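Participant: Each chain, written out:
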Amino acid sequence: MKRPTVLLIDDEPIVGQRLKGTLEKLGCEVDVFQDPGKALDRIREKGFDIIVTDVMMPDVNGIQILEAAKAVNADAKVIIITGFATSDLARECMEKGAFDMIAKPFKPSDLRSMVVRAATEMGFTDIQER
Amino acid sequence: MWFFNSTPTHDERDDLLGRPSFNFRLQIILGFFTFFILSVVITIGAMLTISRIERKIETVSTWERFLYNIEQARRWEKNYFLYGTNLDDALESTANAQAILNENLHYLEQMSIPWPKEELMRDLALYQSSLKMLAPISLQEFNTADGRMAVEADLRRYGAQVVTEAAALAAKEHELIAKWLNIVQKVPVYFLIFLFFLMIYVARFLSLRFMQPLKQLVQHTQRIAKGDFTPVKPARKYRDEFTTVEVAINRMLRELESRQNSLIESHKLRAVGILTAGVAHELNNPLNNIMLSAHSLLEEYDELSKDEHTEMITDIIQETDRSRAIVHNLLDFTRENKSVMQPLDLSLLLNETAKLAFNQARVRGVAIQLDIEPELPAIRGDRQQLKQVFLNLVLNALDAVNKGGRIQLKARKQPNHRIIVEVEDNGCGIPPEVLPNIFDPFFTTKPVGKGTGLGLSVSHGIISNHGGRIEVASEQGRYSRFTVTLPWGATQTAATSDQRQPQEGAS
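Protein chains in written order, with the UniProt record's numbering: chain A, 1 to 130; chain B, 1 to 507.
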């Protein structure tokens, strides 16, 4: 059974630390990056099924990640994490094909259900909250 | 310190009004009164001298009449000796002279120059008695030598003496008259010359007294326009018409100062408003970390090791601290503080300022680069206000740059006790035609509702109060650079006292 690959990018280290385990428990294969530049390289190297990225990061922002991910794999589901959601940003993300957005601070369960939805849409059947 | 003492003291008014009053009306009246008194003195002096001359002239004419009679008598006397006639005429003339002298004796004693009254009277009497001695003698008898010789000698001697004395007196009196006339002629000329210079002096004095306060008022308005709201100090010893203006200016200054303070306050809040996105983002990061950590603990408590428990709880505590620091930094900036001048670490202040704007810049995709020389000397200043100035400059820069732009915040020490802080962006630049106006109040290039046009004018006011300067250089489409020069150490105290000096120097 193929497991969905998940890339989690946030320049806050705690986000990765806390979410890696919980997403793995869902049955995902999780890569965590703090440096969006390196993450970008990784995306180009290997397409991911689901990408969870913070939008505001130094040097490379979430929108660039979104564009790169979509360029590599148009079917990839990109979930955008924002610290402060503006309608402009939301519109831009949606126009560029983001799967959904989640605003900080969020509960792990919120993200989990979002990832489950994305995985389900992509056809991964055994991914669900337990 | 002195400038932002927002509560107006009554001292400055008392200082102005506490002086004794000596107004210009009084000064002008005094000036004219002096002229009047001088003219009165000169007029009275002239009148007195002229009346004395009049009396002198009378004295002279008395002496001349006396002299004429004596001379007449001597001519008759000569006739008598030559032809034996006119002895009676001689006696009569002598009697006339005697009468003139007797009549005017009292007057002459008072009015004439000192004269040998006794001698003159005696000589006259002797002359008269000698003449009388001739009367009973017939001419034939008289022609016998002895008696005639004696009488003739006496007559000649006394007659000559009286004539000489009287002539000398008349001449002396004449001389005196001439002298006084001379004085009466010259004094008005001297007086006119004196008056001329006196008038020049008084005119100069009065106009200087008018010009000096006017000049000071102009100086005051100039420094007020630059944002120095120090109250006007008494510069002159006395209160006058300008004091009312000065008191009014001080009242206006207090109003301006409180307006300025509320302007600064409202601008601070505006800056905070602009920062919202950045602050929200900045604050949501630690909050998210806390949320994730707490939920992880809650969900996986039993599966986690004790070390992991400790790690998460430590994270929660640290992230709470981080949130508190963010809120503190913002509140510290927002808090309505009484403005205080204190020694400041400029590099710390600039770092705090950059932190305030940092996330906002990140939201916009703009990098803020700090280049602050280590170990900058401490400056005296108002922390909040200076922070506001630099934040304002950074936020302006943020408005000017596009995504991917760059803002540089540089600080370095200069010789001559100055510190230079530069805020430079590589944004759209400022059109040269608006460059000269950008520090003017209400000048803005932003659309209505986006800017009040007061940010830079408020900044300019704040920097002026710190004895500093704010300048701008820009090239359209390339860069804008705002340079703030602030004094530190000895220069700063000199700069702040500079602004007070004009008043103290003039008083």
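Since the hints were made in silico from the structure, they are not lab data.
Keep in mind that this is a model prediction, so the values were computed, not measured.
Among the hints, erroneous ones may be present.
[What the hints assert, rightly or not] Simulated crosslink set (DSS-like; lysine-lysine; CA at most 30 Å straight-line):
#1 A:K107 - B:K355
#2 B:K226 - A:K38
#3 B:K403 - A:K46
#4 A:K70 - B:K355
#5 A:K20 - B:K215
#6 A:K2 - A:K46
#7 A:K25 - B:K179
#8 B:K413 - B:K226
#9 A:K20 - A:K96
#10 A:K2 - A:K38
#11 B:K215 - A:K107
#12 B:K403 - B:K355
#13 A:K38 - B:K237
#14 B:K186 - B:K215
#15 A:K96 - B:K403
Participant: Does the structure keep K2 of chain A and K38 of chain A at a Cα separation of 30 Å or less?
Facilitator: The hint holds at about 25 Å.
Participant: If you draw a straight line from the CA of K20 of chain A to the CA of K96 of chain A, is it 30 Å or shorter?
Facilitator: With Cα atoms ~26 Å apart, K20 of chain A and K96 of chain A stay inside 30 Å; holds.
Participant: Need the status of pair K96 of chain A, K403 of chain B: alpha-carbon distance at most 30 Å?
Facilitator: holds, 18 Å
Participant: Given the proposed pairing of K413 of chain B with K226 of chain B, does the C-alpha separation stay at or below 30 Å?
Facilitator: holds, 25 Å
Participant: Sort out whether K179 of chain B lies within 30 Å of K25 of chain A, counting only the CA atoms.
Facilitator: Outside the cut-off at roughly 136 Å; violated.
Participant: Within a Cα-Cα threshold of 30 Å, do K226 of chain B and K38 of chain A meet the stated pairing?
Facilitator: violated, 53 Å
Participant: Under the criterion that the straight-line Cα-Cα distance not exceed 30 Å, is the pair K107 of chain A, K355 of chain B satisfied?
Facilitator: holds, 28 Å
Participant: Hinted pair, alpha-carbon criterion (30 Å max): K215 of chain B, K107 of chain A. Please report holds or violated.
Facilitator: violated, 71 Å
Participant: Please work out if K403 of chain B and K355 of chain B have their alpha carbons no farther apart than 30 Å.
Facilitator: holds, 19 Å
Participant: Regarding the pair K186 of chain B and K215 of chain B, is the alpha-carbon distance no greater than 30 Å?
Facilitator: violated, 43 Å
Participant: Given the hinted pair K403 of chain B and K46 of chain A, is their alpha-carbon gap at most 30 Å?
Facilitator: holds, 29 Å
Participant: Take a quick look at whether K38 of chain A and K237 of chain B sit within 30 Å of each other, Cα to Cα.
Facilitator: Roughly 78 Å separates the two Cα atoms, so the pair is violated.
Checked against the numbered hints given earlier, this structure breaks hints 2, 4, 5, 7, 11, 13, 14; the rest are met.
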